[in-house]
Amino acid sequence: MMEPGLYHILFISAGLFFIGVYGFLTRRNLITMLMSIELILNSVNLNFIAFNKYLWPGKLDGLFFTIFIIAIAAAEAAVAIAIIINLYRTHRSIDVEDAEQLKY
Amino acid sequence: MPNVIYILLIPILPFAAFLLLGLFGRKYIKNGAGIIGTLCMLIAAALALYIAYGYFFDYGKLDGVYRKIIPLKYNWLEFSPGISIDMGIVLDPISVMMLVVVTFISLMVHIYSLGYIKGEERFPTYYAFLGLFTFSMLGLVISTNIFQMYFFWELVGVSSFLLIGYYYDKPSAVAACKKAFIVTRFADLGFLIGILVLSYYGGTLDFNELIQRLASPESNEFKTAIASSFLGLSAITWGTVLVFIGGAGKSAMFPLHIWLPDAMEGPTPVSALIHAATMVVAGVFLVARLFPVFAISAPEALNLVGYVGAVSALFAAVIACTQTDIKRVLAYSTMSQIGYMMFALGVSGYGGEEGLGYTASMFHLFTHAMFKALLFLGAGAVIHYVHSNDMKDMGGLRKFMPVTHITFLIACLAIAGVPPFAGFFSKEEILLAAYQHNTSIYWIALITSGLTAFYMFRLYFNIFWNKEHHAHGEHHGEGGFVMMMPLILLAIGAAGAGFIHFGEFVSSDGAPLASVFHLQFSIAPVALGFAGILVAWILYKKQNDKPDKIAASVKSLYIAAYHKFYIDELYLFITKKILFNLIGRPVAWIDRHIVDGLMNAIGDLTRGIAELIKGFQSGKVQQYALYFLCGAVGLLLLFIYIWH
Amino acid sequence: MTGSTFIFYMLAALTLVSGFLSVTSRQIFRAAIYLLFSLLGIAGLYFWMQYEFIAAVQIVVYVGGITVLIIFSIFLTQQAGELLAVQKAGRKLFAALASFCAFGITMLQVYQHSFINAADNNVMEASVTNIGTQMLSTTQGGYALPFELVSILLLAALIGCIVIAMRLKPVNQ
Chain A
1 MMEPGLYHIL FISAGLFFIG VYGFLTRRNL ITMLMSIELI LNSVNLNFIA
51 FNKYLWPGKL DGLFFTIFII AIAAAEAAVA IAIIINLYRT HRSIDVEDAE
101 QLKY
Chain B
1 MPNVIYILLI PILPFAAFLL LGLFGRKYIK NGAGIIGTLC MLIAAALALY
51 IAYGYFFDYG KLDGVYRKII PLKYNWLEFS PGISIDMGIV LDPISVMMLV
101 VVTFISLMVH IYSLGYIKGE ERFPTYYAFL GLFTFSMLGL VISTNIFQMY
151 FFWELVGVSS FLLIGYYYDK PSAVAACKKA FIVTRFADLG FLIGILVLSY
201 YGGTLDFNEL IQRLASPESN EFKTAIASSF LGLSAITWGT VLVFIGGAGK
251 SAMFPLHIWL PDAMEGPTPV SALIHAATMV VAGVFLVARL FPVFAISAPE
301 ALNLVGYVGA VSALFAAVIA CTQTDIKRVL AYSTMSQIGY MMFALGVSGY
351 GGEEGLGYTA SMFHLFTHAM FKALLFLGAG AVIHYVHSND MKDMGGLRKF
401 MPVTHITFLI ACLAIAGVPP FAGFFSKEEI LLAAYQHNTS IYWIALITSG
451 LTAFYMFRLY FNIFWNKEHH AHGEHHGEGG FVMMMPLILL AIGAAGAGFI
501 HFGEFVSSDG APLASVFHLQ FSIAPVALGF AGILVAWILY KKQNDKPDKI
551 AASVKSLYIA AYHKFYIDEL YLFITKKILF NLIGRPVAWI DRHIVDGLMN
601 AIGDLTRGIA ELIKGFQSGK VQQYALYFLC GAVGLLLLFI YIWH
Chain C
1 MTGSTFIFYM LAALTLVSGF LSVTSRQIFR AAIYLLFSLL GIAGLYFWMQ
51 YEFIAAVQIV VYVGGITVLI IFSIFLTQQA GELLAVQKAG RKLFAALASF
101 CAFGITMLQV YQHSFINAAD NNVMEASVTN IGTQMLSTTQ GGYALPFELV
151 SILLLAALIG CIVIAMRLKP VNQ
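If you read the protein sequences in the order shown, they are chains A, B and C. Just so you know, we're using the numbering used here here: the first sequence kicks off at 1 and counts up by one. Just so you know, we're using the numbering used here here: the second sequence kicks off at 1 and counts up by one. Just so you know, we're using the numbering used here here: the third sequence kicks off at 1 and counts up by one.
For the record, the hints were derived by calculation from the structure and aren't laboratory data. Be a bit skeptical, because a hint or two may be false.
What the hints assert, rightly or not - List time: in silico SDA-like cross-link candidates among lysine to any residue, alpha-carbon distance up to 20 angstroms:
{"#": "1", "chain 1": "B", "residue 1": "K576", "chain 2": "B", "residue 2": "S172"}
{"#": "2", "chain 1": "B", "residue 1": "K620", "chain 2": "C", "residue 2": "A85"}
{"#": "3", "chain 1": "B", "residue 1": "K467", "chain 2": "B", "residue 2": "I383"}
{"#": "4", "chain 1": "C", "residue 1": "K88", "chain 2": "A", "residue 2": "D98"}
Input sequences plus hints: build the corresponding full structure.
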């Protein structure tokens with residue numbers, strides 16, 4: 001086993017990213033889709049932190065971006081959950097296949 | 001000069017009747033329709049007589065020559081300076097004469113129809129169509145512009161189509177009106193091309209200017225038109241021949257006559273109006289209108305007119321001898337008489353004594369309108385009485401229909417050329433003109449006049465003599481006053497019209513033409529006429545088997561004539577077998593499989609592509625995301641490995 | 001193998017495995033719990049990289065906030081014991097293939113790329129003091145304005161959530 005470094009963390013973040021993408025593509029429940037999106041966002045955060053740590057140790061910009069992303073993700077999650085609950089109220093379902101009226 | 005309103009009212013009144021009856025007739029003025037139409041015609045006829053009196057005896061003459069008066073000319077559609085379609089009125093001897101003839105015959109038919117068509121469901125429609133027809137015919141004769149004439153020419157075609165097809169629930173009537181319309185329309189194509197040729201070389205559509213330019217050897221237009229030739233004939237000749245084709249179609253000249261016998265499917269008064277006095281002479285009128293161009297610039301075309309007329313006259317007379325449907329006999333006799341008018345024009349020259357044929361032709365047009373309308377109306381009365389068109393169902397009717405009998409006899413004598421009835425005078429003039437100019441046409445005409453007397457009296461004897469009439473159960477008389485009055489009026493015309501010195505009023509150049517009358521010359525045609533009557537008397541006065549024997553002795557000729565010399569079959573063969581199979585079918589195939597196929601292929605392609613990409617717009621967010629991912633990956637690959 | 005390396009691999013395994021389970025589990029509540037573990041693993045990685053502040057924020061916001069929110073919404077919308085609907089097999093296969101290909105390409109690129117280290121070697125410690133002064137400085141390189149914007153965004157999201165989730169009165173009464 002070699003000493004973990006930038007590449008290892010990038011591997012983890014890429015893996016997490018595509019796990020999230022896979023989940024987004026295959027889940028039918030809106031809440032689980034939201035969970036997949038959270039995974040994707042976290043993988044991005046991890047990237048920022050890793051690049052800051054290994055390539056730009058003299059500054060903290062990557063950190064700041066992570067903080068912003070976390071804040072925005074929190075807002076996004078709150079709005080998404082509100083929408084999901086509203087959808088559930090009107091349609092009695094949060095299956096994404098049922099929410100397709102915008103097609104027309 | 002007359003008030004132009006009076007002249008304008010002559011065509012407008014029938015048109016107003018048409019509008020009124022056509023729009024409101026069937027709902028609101030059901031029973032008054034005939035009265036309204038007849039009143040309009042009465043006023044129009046009175047005005048026409050008034051105009052004719054004024055023109056011929058008051059203001060028409062200038063220095064002893066009847067001039068052309070154009071009281072109204074409205075520039076309707078201008079193509080270029082010089083070439084424009086004008087709507088207007090021209091008064092000259094022939095148009096004034098035609099105004100009188102058309103309004104008079106139309107009035108007679110209107111009155112007669114009050115009795116004949118009475119009680120039918122579409123009574124107002126019938127009168128509306130009559131009004132439209134009269135309007136178009138009047139518009140045609142007063143045209144100042146060749147295109148105006150073409151307009152009304154087509155209107156005449158349409159309204160005659162409507163009238164022939166009046167009994168539209170009868171398949172034969174529907175077929176007949178289609179046939180009439182298609183054949184005349186086909187001929188009108190020639191007319192239209194002729195108009196274009198003439199107006200191209202003449203540089204105008206106006207009759208007056210056209211005649212001035214194309215009929216005077218000094219003008220530039222004449223020189224160019226004569227110089228440009230095609231297949232050995234000058235442009236003027238081609239133009240006039242094409243115009244004549246249109247005229248021949250309307251006037252049922254050989255070989256475009258096939259529609260006329262079938263058109264007898266229309267109501268009989270309509271036949272009297274259209275197929276005796278007005279529409280069928282439109283062709284003659286057209287040639288007469290352009291006569292200077294024919295006579296001076298295109299003698300070949302005029303020769304053609306002469307020969308076509310002569311052939312038609314003889315051809316129709318032979319067929320008329322064998323037909324048993326009385327209206328068809330009359331139809332062929334009409335064709336024959338119009339043939340007379342045509343060849344009279346054909347043997348005429350322009351100006352002075354040379355123009356005898358022209359005068360004779362117009363004279364015959366005038367007298368023929370009288371006695372042929374009378375014959376048709378009389379035949380209508382007979383048909384009304386026995387409810388059949390076939391002369392086998394008739395016979396011995398003279399005791400039952402005395403008025404019809406006498407008037408019909410007068411008409412037969414007139415058409416047979418027995419003096420002193422009207423037909424004698426006009427026919428003598430025609431024969432004289434033919435004798436002076438073209439001997440072969442003269443001989444044809446002489447034979448035809450004998451045949452005419454024969455078949456007319458064959459008709460007469462078969463209807464009124466021959467076998468005794470077995471009285472039907474129901475007897476409703478001859479049709480009452482409204483049907484008898486026109487017969488009597490027309491009989492007076494048929495008997496007395498010949499005494500008018502026609503040459504003084506109508507001549508090719510407008511200058512009065514003294515009626516020349518050669519007693520020795522008349523002997524041959526009159527003798528032939530009497531011979532024809534005699535033969536008919538022997539064969540048909542009493543029922544016997546002589547006609548059948550004679551028919552059997554010339555069997556092949558008889559059968560050919562009975563089948564109208566198979567002209568209809570020839571047309572059907574040409575149109576169905578040759579045109580349809582050899583041209584129509586392949587063209588239809590190309591249209592269906594190549595033109596349509598191309599369109600369909602494009603349509604199918606579009607639809608297929610749409611079908612293919614329709615699935616992308618599913619509204620399902622995960623599908624979109626998947627496409628997005630695939631696209632992103634694809635772009636990534638492109639950027640990394642291909643466009644790096 | 002040092003302890004640090006071992007811890008790294010353990011955290012990496014925890015993150016990826018529980019992340020994977022969270023997107024494949026058919027029981028939604030378990031999926032949420034797996035998500036929670038995955039997020040904890042990421043927080044652990046932050047600790048491992050000695051960014052304690054971010055790790056704390058991660059735990060507070062994600063583990064304590066978002067995951068709990070998700071669990072609440074699950075309670076609101078899901079019947080107990082109900083299995084999640086399964087996506088079509090073809091879609092699953094295709095999505096897996098696409099994701100895997102994309103992952104492969106990305107990793108290939110990452111390994112082929114040689115990252116350049118920044119020149120200066122003086123490491124800035126990610127203490128709260130440093131973060132605070134750096135981030136909220138109004139000079140060059142400060143993020144005071146985005147910070148304010150984010151606060152406005154959070155307020156807007158707050159109001160928006162209330163408006164969206166509010167039960168509207170039927171109009172026709």
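Hint by hint, here is what the structure shows:
no.	hint	in the structure
1	B:K576 to B:S172	holds (19 angstroms)
2	B:K620 to C:A85	holds (16 angstroms)
3	B:K467 to B:I383	holds (17 angstroms)
4	C:K88 to A:D98	holds (15 angstroms)
Violated hints: none; the structure is consistent with every hint.
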